[in-house]
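S.K.: This is what each chain is made of:
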Amino acid sequence: MAYTAGKYDCIVVGTGHAGCEAALAAARMGQKTLVCTLNMDNIGLMPCNPSLGGPAKGQLVREIDALGGEMGLNIDATHIQMRMLNTGKGPAVQASRAQADKMRYQQRMTAVLQNQQNLDLKQVLVEKLLVGDNKKVRGIETETGARFEAQCVILCTGTYLRGKIIIGETNYAGGPNGQRAAMHLTQSLNDSGIATGRFKTGTPARIDRRSVDLEKTQILPGDDEPQAFSFMNDRPRRINSPCYLTYTNQDTHQTIRDNIHRSPLFTGKIEGTGPRYCPSIEDKVVRFADRERHQIFIEPEGLDTQELYVQGMSSSLPEEVQLEFLRTVKGLEHVEVMRTGYAIEYDYVVPTQLKLSLEHKDIEGLFCAGQINGSSGYEEAAAQGLLAGINAARKIQNKEPLMIKRSEGYIGVLIDDLVTKGTNEPYRLMTSRAEYRLLLRQDNADLRLTEKGYAVGLVTAERYQKYLAKKQAIDIELERLNKTQVSPGDQDLCAMLEQTASTPLSRSISLYELLRRPELSYKDLSAHGFGAEVNAEVAAQVEIHIKYEGYIEKQLQQVERFERMERKLIPEGIDFMQIKGISTEARQKLNKLRPVSVGQASRVSGVSPADIGVLLVFLEQQKRTGAKNGQA
Amino acid sequence: MHEDTVAAIITRLGPSGVGIVRISGAEAIIVADRLFAAKNKQPLSGRPGYSITYGYVKDRNGNRIDEALAMLMRAPHSFTGEDVVELQCHGGSVVLRTVLERALQEGARMAEAGEFSRRAFLNGRIDLSQAEAIMDIISAKTELALSTAAENLAGDLKVTICAWREKILELTALLEAELDFPEEDIEFIDRANLSASLEELIIQIQKMLDSYRSGRIIREGIKTVLIGRPNVGKSSILNMILNSERAIVTEIPGTTRDTIEESYDLDGIPLVLIDTAGLRQTNDKAEQIGVERTRAEIPKADLVLYVLDITEEITSEDIEIMKQIPPEKLIVLINKHDLREEIAYAREASEAETLKNRLYFSAKTGTGLAELKERIREMSGSERFAENEGQLLTNVRHKEAMSRALEALKNAAGANRRSGEALELLSIDMRQAWTALGEITGETLEEEIIDQIFARFCIGK
Numbered sequence: 000m001a002y003t004a005g006k007y008d009c010i011v012v013g014t015g016h017a018g019c020e021a022a023l024a025a026a027r028m029g030q031k032t033l034v035c036t037l038n039m040d041n042i043g044l045m046p047c048n049p050s051l052g053g054p055a056k057g058q059l060v061r062e063i064d065a066l067g068g069e070m071g072l073n074i075d076a077t078h079i080q081m082r083m084l085n086t087g088k089g090p091a092v093q094a095s096r097a098q099a100d101k102m103r104y105q106q107r108m109t110a111v112l113q114n115q116q117n118l119d120l121k122q123v124l125v126e127k128l129l130v131g132d133n134k135k136v137r138g139i140e141t142e143t144g145a146r147f148e149a150q151c152v153i154l155c156t157g158t159y160l161r162g163k164i165i166i167g168e169t170n171y172a173g174g175p176n177g178q179r180a181a182m183h184l185t186q187s188l189n190d191s192g193i194a195t196g197r198f199k200t201g202t203p204a205r206i207d208r209r210s211v212d213l214e215k216t217q218i219l220p221g222d223d224e225p226q227a228f229s230f231m232n233d234r235p236r237r238i239n240s241p242c243y244l245t246y247t248n249q250d251t252h253q254t255i256r257d258n259i260h261r262s263p264l265f266t267g268k269i270e271g272t273g274p275r276y277c278p279s280i281e282d283k284v285v286r287f288a289d290r291e292r293h294q295i296f297i298e299p300e301g302l303d304t305q306e307l308y309v310q311g312m313s314s315s316l317p318e319e320v321q322l323e324f325l326r327t328v329k330g331l332e333h334v335e336v337m338r339t340g341y342a343i344e345y346d347y348v349v350p351t352q353l354k355l356s357l358e359h360k361d362i363e364g365l366f367c368a369g370q371i372n373g374s375s376g377y378e379e380a381a382a383q384g385l386l387a388g389i390n391a392a393r394k395i396q397n398k399e400p401l402m403i404k405r406s407e408g409y410i411g412v413l414i415d416d417l418v419t420k421g422t423n424e425p426y427r428l429m430t431s432r433a434e435y436r437l438l439l440r441q442d443n444a445d446l447r448l449t450e451k452g453y454a455v456g457l458v459t460a461e462r463y464q465k466y467l468a469k470k471q472a473i474d475i476e477l478e479r480l481n482k483t484q485v486s487p488g489d490q491d492l493c494a495m496l497e498q499t500a501s502t503p504l505s506r507s508i509s510l511y512e513l514l515r516r517p518e519l520s521y522k523d524l525s526a527h528g529f530g531a532e533v534n535a536e537v538a539a540q541v542e543i544h545i546k547y548e549g550y551i552e553k554q555l556q557q558v559e560r561f562e563r564m565e566r567k568l569i570p571e572g573i574d575f576m577q578i579k580g581i582s583t584e585a586r587q588k589l590n591k592l593r594p595v596s597v598g599q600a601s602r603v604s605g606v607s608p609a610d611i612g613v614l615l616v617f618l619e620q621q622k623r624t625g626a627k628n629g630q631a
Numbered sequence: 000m001h002e003d004t005v006a007a008i009i010t011r012l013g014p015s016g017v018g019i020v021r022i023s024g025a026e027a028i029i030v031a032d033r034l035f036a037a038k039n040k041q042p043l044s045g046r047p048g049y050s051i052t053y054g055y056v057k058d059r060n061g062n063r064i065d066e067a068l069a070m071l072m073r074a075p076h077s078f079t080g081e082d083v084v085e086l087q088c089h090g091g092s093v094v095l096r097t098v099l100e101r102a103l104q105e106g107a108r109m110a111e112a113g114e115f116s117r118r119a120f121l122n123g124r125i126d127l128s129q130a131e132a133i134m135d136i137i138s139a140k141t142e143l144a145l146s147t148a149a150e151n152l153a154g155d156l157k158v159t160i161c162a163w164r165e166k167i168l169e170l171t172a173l174l175e176a177e178l179d180f181p182e183e184d185i186e187f188i189d190r191a192n193l194s195a196s197l198e199e200l201i202i203q204i205q206k207m208l209d210s211y212r213s214g215r216i217i218r219e220g221i222k223t224v225l226i227g228r229p230n231v232g233k234s235s236i237l238n239m240i241l242n243s244e245r246a247i248v249t250e251i252p253g254t255t256r257d258t259i260e261e262s263y264d265l266d267g268i269p270l271v272l273i274d275t276a277g278l279r280q281t282n283d284k285a286e287q288i289g290v291e292r293t294r295a296e297i298p299k300a301d302l303v304l305y306v307l308d309i310t311e312e313i314t315s316e317d318i319e320i321m322k323q324i325p326p327e328k329l330i331v332l333i334n335k336h337d338l339r340e341e342i343a344y345a346r347e348a349s350e351a352e353t354l355k356n357r358l359y360f361s362a363k364t365g366t367g368l369a370e371l372k373e374r375i376r377e378m379s380g381s382e383r384f385a386e387n388e389g390q391l392l393t394n395v396r397h398k399e400a401m402s403r404a405l406e407a408l409k410n411a412a413g414a415n416r417r418s419g420e421a422l423e424l425l426s427i428d429m430r431q432a433w434t435a436l437g438e439i440t441g442e443t444l445e446e447e448i449i450d451q452i453f454a455r456f457c458i459g460k
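Line by line, the protein sequences give chains Z and C. The first sequence begins at 0 in numbering that gives the first Met the number 0 and counts up one residue at a time. The second sequence begins at 0 in numbering that gives the first Met the number 0 and counts up one residue at a time.
Please note: incorrect hints may appear among the correct ones.
[As the list claims (entries may be wrong)] Derived lysine-lysine pairs resembling BS3-like cross-links, with alpha carbons at most 25 angstroms apart: (1) Z:546 with C:409; (2) Z:553 with C:409; (3) Z:522 with Z:420; (4) Z:88 with C:322; (5) Z:354 with Z:420; (6) Z:88 with C:166; (7) Z:420 with Z:469; (8) Z:451 with Z:469.
I should point out that these hints are in silico values taken from the structure, not numbers from a laboratory.
Please model the entire structure based on the sequences and the hints provided.
M.R.: See below:
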């Protein structure tokens, strides 16, 4: 029988990467928070790849950190390898990636949650969302009948809603990694009018290191001088545990082709839509039949385990087939599988039902974050969790939600894409999704977002001071470079120009102008006595600022145009159907999506620039009519 | 103000004395100053609102295109409520379109259907009761514009632009894939290949832009200018061809103080005949301007009819001017053939060369008219137009978008050549080119890039 078990400001359902950030943010912002987990031993679990970061995702982790989230600190403390990717390219696409010690990552995150003030942890299975007649959230109910009340509920259920594991002809209800699934919560959400859909994803087998001939693979170490994710860590730990590279071959592909009829993807056992960027090996072999080989990265799951992750071999073929094709791969001839790869199907909440604050448009106080919103990836989940946690707390405090614009951060791109455009496959963030990529760099995430994190109360005084000092140092150094003139006769200068094969000067110019030359770096300036006493981060900012000024300026102008439309707000409750000049398709879509600004409306698919022109006139008409009536 | 700067011709196109190009928006005055030079050399930015300035519209190189009056209105005291400059030019579609093109080159965007009204309304310059009407205009005009645009794009032109976009998209997707998936075992693109592809695109687009001239001929007619000293009978010839009294014909030299444009259909070839003021050193101020304008017409003309009076000896000034005209553009009309048999000329061999394509003519009796028509037809190369029709660029909006695409691709090619330039910067230019071409075909979806990546490559863990 149901009983009243407790009362909180905020309840978070789930302790994956979204749930952890949401719970910590709400509690740190002073709200009495309960976080529910299916398993106390699986907090912060990485059920798929044992790594964080990469293009766009690395930027996300740094943004989370700048706002006062936990992910960056947690990976800095528990990584076993770090590598900066895209170093041969420009600063906008450089991104850090870390291999995590999976178990230690979880342990540290668990400890952080358990030691957080205002935060209670309970191992329960949530079965019902409690919603009042007024369409306001009241709380949740567990399978054992415990009712917890709260003003806000944040759902971070990951892939657990009606989770179904599929391995070849075998399938059963369950979450990832041998966990239970939440079989009844979806129904409760549907009963409250929340629309859901079904997605699929998968994970490869984990293999026993002792059975792998790593000598036959290529060793991939991390960077010698890794860069920390958190702006609070100047230098992370220096553990450099390598990954290994090997390849599939024609035997592998033949084995897969011979057994393809047994793949649930092809027998129709899997109904959910899978992600294109994370195809299973059978999908790759079928769709790209002419490829001779595919890469396989073998990644350690931690320092204290023999388990290895086989990136690139995600599969839902029968267990014996998985073993057979794994053994065709060089280095894996005698491999023993410890955990079989599987596909998982799960329910997600259609994200276009959410506001930009991640609150449900119809059910007040209900927030959703992470994979439940149709996204994929630990970083994407954490970013949403953080924002949902912040906004739930802000709501309880009667404050305006925090919304990151597309021009301010990848978090903004991610959330706006999900709630405005929706998604028809598990959504992964990519740098190509960001219009203002050059501004949204991993190196300046603190400069972009620390102020916002401080304003909502998540950024500590220490972090804030550090940010201010960095910002000031950049300004001072830019000014110095601008003011300092060098003349053609300067001997140190001539030496530097000669050494870098840069053309000699014909007249005096500022160091600022000089640094524009592609062949010169701040390091060169420092080496020849033209630098200042600034740390590497400040030097990097100064250099990027000067070298990319033209393009940055271009992007800033684009941002200005973009933001004009973002600032034109659409009042709540407008019936778009009454705006005759807008095409019928656009009217229906706008009515369904209820955008908050003209900018957001313009990104809804099927809405044309002419529709936006009409909408602008209509809004002005409304405003003036309103003003007139107000006066009367 | 809150929106970018737009420009459009706001008077009806077609033969008329005066036409107006309006530039509106935050940078209207800056744009206007770049293309308009006041007689008194003062920039418009220093002038007060509601002022009228006399001066010239200049081309990119600073040459005069037309004389004009610039009417300056400062925000919020204008029709749109923004800074507005209206350039009152001489009528005639060629001049107005040229002035508009200049505004677009200098940073204005082509105004959309109903955009001035929309801005006026949003800035509180138009009454509430007109809001519905404006919304109707926007949606109706847009539909019209869409159908017209579709017509313009029929056939090969659309196919060509779509193929370019496809190519740019493909290249961009390759760049993006390389940026987003640095560890994939795929050779996405090498810089030399990219360079070759970009150069190829640049050449093709440049060629299409060059066809704008021939395209313009089809759309606007063969621009044929009548030039000659005063009173050699230019206006009479014009009238004769047109069989009307369009130009004022008098016996007083210098009656035509301005240029006059007339459209004429020569058995299917559209002709725009432009009568000019007589070429003569003069002290009359208004006429002087007319003479300058006449000289300015020569380089813009597709065909020049240089008119001589059979009763007057050819002057060295005549020869000087004729020499400036490319021979394939020049027909020398020796008028008043009814009065005399031969003209006094030819002292040097070079003069004979200049007069090679000459034709005796009488505006009074009609002698030489049939022959003239035949020569115009020959020289205009009308058969060529018919062949290439599908590939011609005729629309000023299309031209503007295509020019921007070309510019962006050139930037990309430049960045690609400079080794060490970051790929993501290249991508910014490529996306710009793609978006600009998309304005012509009407599709600009970012999502396409991502779809391309996944359709073409086997990517992921």
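S.K.: All hints are to be evaluated individually against the structure, with a verdict given for each.
M.R.: Evaluation of the provided hints:
no. : hint             : result
1   : Z:546 with C:409 : holds, 20 angstroms
2   : Z:553 with C:409 : holds, 16 angstroms
3   : Z:522 with Z:420 : violated, 44 angstroms
4   : Z:88 with C:322  : violated, 56 angstroms
5   : Z:354 with Z:420 : holds, 12 angstroms
6   : Z:88 with C:166  : holds, 23 angstroms
7   : Z:420 with Z:469 : violated, 37 angstroms
8   : Z:451 with Z:469 : holds, 16 angstroms
Violated hints for the displayed structure, listed by number in ascending order: 3, 4 and 7.
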